[in-house]
Every structure is written in C-alpha cells, then in structure tokens.
Amino acid sequence: MMLNKNNILLETKNITKTFGGIHAIEDVNLHINKGEINALIGPNGAGKTTLFNCITGFYPPTKGRIIFNGEDITGLKPHQIAETGMARTFQNIRLFAEMTVMENILIGSQCRYRMTLLGAILNDKRTKNEEREISRKALQYLRFTGLSKFANHLARNLSYGDQRRLELARALATEPKLLLLDEPAAGMNLNETKGLMELIKKIKDEEITILLIEHDMRMVMKIADTITVLDHGIKIAEGTPKEVQKNEKVIEAYIGRRRRTA
Amino acid sequence: MLLQQIINGLTIGSVYALIALGYTMVYGILQLINFAHGEIYMIGAYMGIIAITFFIYIGLPDISIALTLVLTFLAAIIFTGAYGITLERVAYRPLRNAPRLSILISAIGMSIVLQNYVMLAQGARDKIFPHELKIGGELIIADAHITYTQVLIMALSVLMMSGLTWFIKKTKVGMAMRATAQDRRMAGLLGINTDRIIVITFLIGSILAGAAGVMISMYYGIVNFYMGYTAGIKAFTAAVLGGIGNIPGAMLGGILLGLLEALGAGYISSEYKDVFAFAVLVLVLIFKPTGLLGERISDKV
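Just so you know, the sequences run in chain order Y and E.
Each residue of the first sequence is one higher than the last, beginning at 0 in numbering that gives the first Met the number 0.
Each residue of the second sequence is one higher than the last, beginning at 0 in numbering that gives the first Met the number 0.
This is chain Y alone, in the form it adopts within the complex (with noise of 0.2 Å):
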C-alpha cells in the first residue's frame, strides 16, 4: 500500500484503550488516505466500535495519538471534533426519533453556523440569512439520500432504511471531511444494502473520505478501496481487499488454525 505523507488524512499513532486492565484496542496504527472507502473489519469484539469510539471523542484514548488533517485532536471534546469535520453514525440508530426529518437535519447543520443566544431571541438579519442557507442546504442532503418527501415526518415514524439513510444525511449536514459509519448495513436486506451502498459511493464521488466497519464481506470487497483488520484489539493485517484475502492471519482470524495433519 502507497503511504504519501501529504494524503494522509487520519492517523492514529499507537492508540490503545483500556477498560479495568483489558486491552479493547493495543497499539493501532491507522492511515486513512483522502477520498478512499476504508473497511476496518474484524470478528466480534476486535475493538473497532471502540477504535471509533476514540477517534470521535467519545471516550479519550489511554495512550496514543490521534491527528486530523494534519492536526493533533487527541482529547478533544465530542463537539470540536465534529467542528473539524468529522462524523459517525452508529450501530444502533440514534436519531432524535421525536423531531422531524427535517429538523435531525438541520441539528446536523449547525456546527457549521455559529449560534448565538442573543441572536437567537433577536432573530436579526444576518440569523435570518443564515437559517435560509441552512435550509437550503438540509433540502439539498434531503434530496440526495432520497428523502425529501419525508421532510416533515418524525424520524420515528421513517421505516428501518430511511431511518438509515437520514443518518447519514444528518452525519453528511455536518460538512465533514471523514465520515465514519459502524455497520451501516446492518439489519438492511438485500436491496436496502445495495441501495446504500450506491449512496457510500455517491457520497466518495463528493470527495468525502469514508471509514466503515463492516461485517457483511460481500459489500466490504466491492467497495473498499483499502480494509484494516482487527482482532483481539491488535491490528493484524491491512491492504487492498484483495491482499486482505489472501493474508494467513486475517484467515486465521475468521475461520481459525488449520488443524496440522499429521
């Protein structure tokens, strides 16, 4: 794999996570190069929600670093984090179930708008212009994850995929540079899959770099540019999907030793 220094837009250096004396992650070196689709794939309890957990400030790392478009955002809170242009969804789905499509969206926009109190109750002109550009903006992301004629329905009321797909439209509404989806197919059928899949591509072509964990293989070979495995919260292997498939470890990983004939 091709390391330029200058496209490099995550790095983790040595990031290690510890609950009570366990090692969930020990050590991961990360590079994630600009504008590619990264799987980081792994068997059950590898450590890669808490590998995203620690990048998006969730919980601090307990050893490591963490740089960002060539910035250091280690220990950073949630909220800054998001501010430099990053963003997650999650295994489970956690939108505001008792808002509106529109407005999960708009929450999404905000980061990029600087809110003030004041401005807010006096509702002045540069606010007023202000929230024009973000609804524009929530009806564009609203178009282009096919949700727009759900605007004004409660996320609640939204069925399991497009509840799905306002998640990334919200996590899209926050401008980022890095995208980072845990299990975005997960519980989707076969077409929901496909569908989403087409969307992670559309949203590569706007040059938007995008780091997935992933357990469905079958999407993960076809559309990852690169995949980090992980097990036992060391990273083991990583490369083009196709290096990953041949590597002894990655299998062993999966499937386990081969038993030695004797």
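Simulated from the structure, these hints should not be mistaken for lab results.
In this text the structure is predicted, and so the values were computed from the model without any measurement.
Keep in mind that a hint or two might mislead.
Each pair of labels, with its calculated beta carbon distance range [stated by the list, open to error]: (1) T17(Y) - A97(E): 19 to 25 Å; (2) T17(Y) - A154(E): 55 to 61 Å; (3) S101(E) - S134(Y): 39 to 45 Å; (4) T99(Y) - G220(E): 46 to 52 Å; (5) V157(E) - E97(Y): 22 to 28 Å; (6) N43(Y) - T289(E): 34 to 40 Å; (7) L1(E) - R135(Y): 53 to 59 Å; (8) Y147(E) - L121(Y): 28 to 34 Å; (9) D224(Y) - P288(E): 51 to 57 Å.
Glycine included, C-beta positions come from ideal geometry on N, C-alpha and C.
Take the given structure of chain Y and dock chain E to it, following the hints.
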C-alpha cells in the same frame, strides 16, 4: 365564589408553572432534579425587594412606577440567571460523569447552602414588599375581585410561557436544546456544544423562577428565606403531574395544581391547602408516574 377561586388558582398556578418549567427543563437534559431551584425562586423574590428598595431610595418611583417595576424584574432575573449559571458550574458540572445520586445530593446541599446564605445575609425575619410599589385597584366581574396584581401575574406568565414555547420550537438554540434532551452524546457528536446548552437551560429556568419570585412577593407582600422550599416542592409536583421533562406538561401541571389548591382551600379548608398538592404528588406517582403529558420512559442504552 367559584370564579374567585378560579382566578386565585390561575394566579398561583401560573407562578407554579413558571417554577416547574425550570425543574422540567433541567430534568429533560440532565435527568437531574435540581432541588436548589426553589432557592433560585426565593433569591428572585429577595432581589426584587432589594432592587425596589434601592429604586425608592434614588426616587425612581416618583418618575415612573411602570419603569421601576420593569427595572425590578430585570434586576431580579439578571441576578437569578447569574445564580443559576453559577450553581451549574459549581455544583453540577464537576459531577457530570459521577453517579446520578451524587449530583442529587449536591443539589440538596446547594439548596441548604443557599437558604442559609440568604438567612445570614438578609436576616431570618420576613421581609415586606414596599407598599409604595403595590399596585392598587381591581376589576370586579360578577362578585369576583381580580386585583391588578393578579392580572399582571397572569399576563406576564402567559407572555413568558409563549416566549419560551416559541424559543424552544422555532430557534436554532431551542432545537439544539431539544436534541440535547433526546440524546446528549449524539448531539455532542453532531457538533452541539452540550455544555453550553446546559448552561442556557439553567439560565432560562432561573430567569423564569426569578420572575416568579418577584411576582409572588408582589402578590403576598412578604418574603422569607425558606419560601423556596414549599414552592419548590409544589412546582416539582406540578412538573411531575404534567410529566417531568415535558415543557407543556409543566405549564399544564402548574395551572392545574394552582386551581386544585385554590378550590380545595375555598371549598374544603384553607388549612389543608398544602395537603392537596402533596396528595396529588403521591397519587400521580402511584397511578400515572409518567404524568399527564409525559411519554413512556424510554430505556436508554
């Protein structure tokens, strides 16, 4: 008689509603019962009297009574707002990730601290609302006497509650508050500075309570350092009655509780006035713990 009691009930009910809003908003975002909230209301009442005394000293009421009242309300809400923000900084933020019980104990502690602080600073005796600023006069509608103070209290409460509703529903900050209440961590990940939203929540709650404090001191003409305790528990009851965490619920709960109290006092016995409120609290907790407008308690992961 009935109309009179309804008017009295609406008056006191709107004050309960204003205080209850502070409980319910903080609960909605932090799942914390801010037991020191009643004290913020008490401080609002004291601040009103202090401000008015000062304004009388500089002779402002001679120029304009209306202006004096406006400035009094402003002074009171600025101070209670500052108290609310300080309370959050000092007593709650350091415990943000502590077990919930610790914050609750911190809240009870702050309540005691504030009560005693006001007692030491202002003396243990009741303070009287300066009679120079009492609004005289009343409307008489079919045997019922509605004082102008009552009209002022109801009008101001309606104004503030509609203002709050607009703020929560229509503004960006209001939307961020709703998002934070539904899923604080997700809101953070989407770039909302949730610490700031929490501060704003305390600020708004304290402003409403401060205004309520001034109004009640105008209405009863008397304040003391322990007045926040009973009012706080009643407003909390109102919040539970409407469904804790639910903003329209707090308004409804406050008004209903006020009506119930006034009707109970008028038709049964005024000695048992407080009993009605607490009986309601017990009954609601037994039969409908989610309150009138409350949603089912969702299990948060």
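Status of each hint after checking the structure:
1. T17(Y) - A97(E): 19 to 25 Å: For A97(E) against T17(Y), whose Cβ atoms are near 21 Å apart, the range 19 to 25 Å holds.
2. T17(Y) - A154(E): 55 to 61 Å: Given a distance of about 60 Å, which is inside 55 to 61 Å, the answer is holds.
3. S101(E) - S134(Y): 39 to 45 Å: Holds, at about 42 Å.
4. T99(Y) - G220(E): 46 to 52 Å: For T99(Y) and G220(E) the Cβ distance comes to about 47 Å; the hint holds.
5. V157(E) - E97(Y): 22 to 28 Å: 25 Å, holds
6. N43(Y) - T289(E): 34 to 40 Å: For T289(E) against N43(Y), whose Cβ atoms are near 36 Å apart, the range 34 to 40 Å holds.
7. L1(E) - R135(Y): 53 to 59 Å: 55 Å, holds
8. Y147(E) - L121(Y): 28 to 34 Å: Cβ of Y147(E) to Cβ of L121(Y): about 31 Å, so the range 28 to 34 Å holds.
9. D224(Y) - P288(E): 51 to 57 Å: Hint holds: Cβ distance 53 Å, inside 51 to 57 Å.
Violated hints are absent here; each numbered hint is respected by the structure.
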